[in-house]
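If you follow the hints, you should be able to join the two separate chains into one complex; please do so.
Order-wise, the sequence lines are chains A and B.
All residue numbers for the first sequence refer to the numbering used here, where the first residue is -9 and numbers rise by one.
All residue numbers for the second sequence refer to the numbering used here, where the first residue is 271 and numbers rise by one.
Since the hints were made in silico from the structure, they are not lab data.
Since we're looking at a predicted model, the values are computed, not measured.
Cβ coordinates follow ideal geometry from the N, Cα and C atoms, glycine included.
There's no promise every hint is true.
Said to hold, decoys possible - Simulated restraints on C-beta separations:
1) B:366 <-> A:38: 30 to 40 Å
2) B:535 <-> A:68: 50 to 60 Å
3) A:68 <-> B:382: 12 to 22 Å
4) A:74 <-> B:382: 19 to 29 Å
5) B:535 <-> A:47: 16 to 26 Å
6) B:608 <-> A:47: 37 to 47 Å
7) B:409 <-> A:83: 32 to 42 Å
Said to hold, decoys possible - Residues of chain A clear of chain B, computed beta-carbon distances all greater than 10 Å:
8) 20
9) 22
10) 24
11) 51
12) 65
13) 66
14) 84
15) 85
Said to hold, decoys possible - A short, non-exhaustive set of chain A residues, derived as facing chain B with CB atoms under 8 Å:
16) 7
17) 11
18) 30
19) 91
20) 92
For reference, the chains in residue letters:
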Amino acid sequence: MPTNRSIPTLSSEKIDVRYVAKLARIALTDDEVERFETQLGDLLEHVNALAKLDVSQVAATAQVVESRNVERDDEPTPCLDRETVLAQAPQRQGAFFRVPRIIAAD
Amino acid sequence: MEITERSAAHIARDVNGGTISAREVTDAVLAHIDAVDGDVGSYLTVLHEHARAAAARVDERVKAGEKLPLAGVPLAVKDNMCLTGTRTTAGSKILERWQAPYTATAVERMIEAGAIPVGKANMDEFAMGSSCENSALGVTKNPYDLSRVPGGSSGGSAAAVAAFEAAIGMGSDTGGSIREPGAFCNLVGFKPTYGRVSRYGLIAFASSLDQIGPLTRTVEDAAIAYEAMAGWDRMDSTSIKRYVEPVSRELRTDLRGLKIGIVKEFDTKALGAETHAVYEQAYRDLQALGAELVDVTLPTADYGLATYYLIAPAECSSNLARFDGVRYGLRVEGADVNEMYEKTRAAGFGPEVKRRILIGTYALSSGYYDAYYVRAQKARTLIADDFRKAFASCDLIAAPATSSPAFQFNAKSDPYSMYLMDYYTIPMSLAGLPALSVPCGWVTPPGGDCEMPMGLQLTSPLFTESLLLGAAHAYEQKTKHASKHKPLLGEVPVHRG
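Chain B with its partners taken away, still in its complex shape (with noise of 0.2 Å):
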């Protein structure tokens, strides 16, 4: 097998065994990504001289006898998140000549288990999208069929993944960013636990939703760079003081024992024949792999939408604040203090930022706080409830990750059906809950020539990312929708074993 379709724990093994340097995987990744890139659009950044150092740096840590969990792996990172001496732009023009002056602690984390970064992720900006059009620097293409939107947020970092150019992609996820662009790349979304991860560094979006994870090709990467990733901080105090458990050793390859809420209000039959039939099928395996399925109700999931495009565009206005053109970013002068501020908004956001930040400081402004922001927030507790019900009745819940697979550039004119494509991922970020995407099966979208890939989502009560990766796990062996297909480069050469 080729060394860019390894997978990270693959690669991880051989580079602490000596069989092959961090050195050579970067060698062989660079290459990849200035081959294909061209036509995919991951990056916004690629980090040549900076990975090379780093791979140095690992393959001298490992000569001197030290085991790491992600020794050379390739790693994009979106690019919301701050990593020294490199552009950190969210996508954004307002930050576009940006250099981070710090690291995050998540990427630091990731670097320090061995990975090298090797690219900076395209993303929609400031974390606002679900298609990564909204990027002002770049487009990303989904590399099974490029005429297709790779999802996002997270997309470049998803895009990166599923076209070998890293092993192990970083996204954040505010209401599906990980796993809506995890399950159109055929890849593993994951968001854990509220707070498992720290934020530092992380350039905010809205603050009591954002989550830093995973994207990967296999469930085992995904647990592999959840523990690096995973922990206690103290730069961020809403990252939690808690055990991370070992989970990448715990997976499991059956459900036996586990009961699967399927949620009523979740029909997939409006979804169209086809991917009704797709997650149809995800149960019934479900079922098969020893799960006891039970009928589970999300009554106030339907709020969802409503409640979300309220919280986070008032978190997103209060947070993008700080982007005034006075002590970083881009600036636009004006007469006085004031105009300078304007003019610098105008010209540095893109039409969805400012949407959001005008929804947001509407929903925050003096009249409107009650009616709007606080009972959005009192319908967030309505819906955590819900989850907590449900959950007395079962381990975990599987729903669909998407309504569809990957659609066409340009297909969502209109703001509101692009949000729809959160629908099913939206509800459990407000609940904070642990959830993924992982790929089950493939359908032709109309008008497609190609089968394109769909996910699963699963979710679990706060902190049993364990049991959410275990039971992805059991799938994931069971079924191997994700080896299908490989993804679709047209003329460009794919390493391919």
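Bound conformation, chain A alone (with noise of 0.2 Å):
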């Protein structure tokens, strides 16, 4: 189907992988950011296919069947009790999960 838009192409760059790596909260060794800057350079270039698509008068799919918001009364109803939980935790401290420090000392 013929159009007049221009078609936006997708990146062409390189995927900065210690950036995302960051974003993502995954440490990588060197090694690993080498390899992975090629195998997803190679898995984009493959994806940047679609951008012979024209979707420029297509709406977003988020999910395929009916949808709607799902409200329920607020009321309290049981869940997992504390110790439950709990005894899954890496560590805890009494009745919390204990993390190490986020907010520095003064």
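Written out as structure tokens, the structure reads:
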């Protein structure tokens, strides 16, 4: 179907694996950075085929079947008890999950 | 016929009729698992005690007069589904020691229907893979040739059912993870319409695509399992409030009056002469059963893989953010909280999971969101529209399930060649359609010394599971491809009838 609109192209720049890994909170070794750079670059090349599709007049689909907001009455219902949940904690302190310091000391 | 080889329908009939107890069935299956699973590796955890206790409960219910559709049926549960008090790992080191504190709705419903979970089945880590090789916790082999993969990601569930270590396997399918291992292991692998089966208690991979379904040795068993697990659940807001037809009582034996679409873009000639011949024969068999074959076109289906490998990683990067070492699972200590996150996730996730999280994070990151993620969502619309248009001229679509039979271990060394395994199954997933794979013949793979099974994929419009399973049943009953070969388990004694 012909269209006058220009089709935006996908990115052809190299993926900055170190930066993306930082966003994803995954520590990578130098070897992994190198390997993922190549592999993700290859995948992005395949994915860039989507640039050939004219989607200028197309709505996005987040989910295929009928969906609507689902609400329930604001009434408490039974849930997992605290001990069951905390029993799986890597580290706990009383009724809390214990984590390393988040806010710097004064 | 040995107990372990009986269909789920057969076992339930006998247990309900009192000619055998759930306990006897369970003991036979557990003994068989103990004999063969060292070679096959279907299970990450075998639930000896849990299964015997569940069998005792089923026997009590039957004695009290209940008729249970899955009475005493041994069940393999994919290890991304929660079952209270059992280790549930998703095939990942990050959850290696996690005990599920609750039970997934779909599993709960199978148990309520009388099924006995006998083990938690191996899988590609977080369901990302097509061979089970991405499991961080074990190796699963194809029972029809132990040098080959069982498929994935539901490879453990498939291998378990193929090796008679369960009568029904529960799998989850995001882009083909039930259908592909079904095809590789000579089984029926059935993915219902998105939203038909509750995802509550299924460890999320890509939430807009994930769907639970059965792997079975017969279409009838798939129908019975589907009836037990499907239906609205208040714990999953995407589950559909819609009547679930009693499909197992409506299984057809012919295809008269049905139009079946053959997809122009899915030319099987490129798949090699033997595979091409298998699919050509399958289409002729559909015709012989009374179906009218029509040509349909899915012009955007070729973009399925590219679309999927943006949407699924994007959703996974968000879903897997919860594995941060704080509340459950692995933690590796660090100097501060960020270092703790980074080290935990570095040690806990395998390479494929890292790749997908990175791709997804990239596709969702500022500046790339519209170019990648939104564009993929729009392509998804086009793919779903293609199917809608095709179904205007046919009732069902027939296609290959996979481009080849099961391959050997380490045969797909670069990630993209593995992704290609899902070429034929991904478009249906993106469109949310019900789809299944049913055994359709055998081919000898290059370098192989025995025939391996192939699967025919059938798909139909949203919510037409009844039509789909009925058609698959007619095809199965006429062709009986599955019964041509038995699993080869080397020197291991297989309980045969």
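**Request:** Give me the numbers of the hints this structure contradicts, sorted from smallest to largest.
**Result:** Violated hints (numbers, rising): 9 and 11; every other hint is consistent with the structure.
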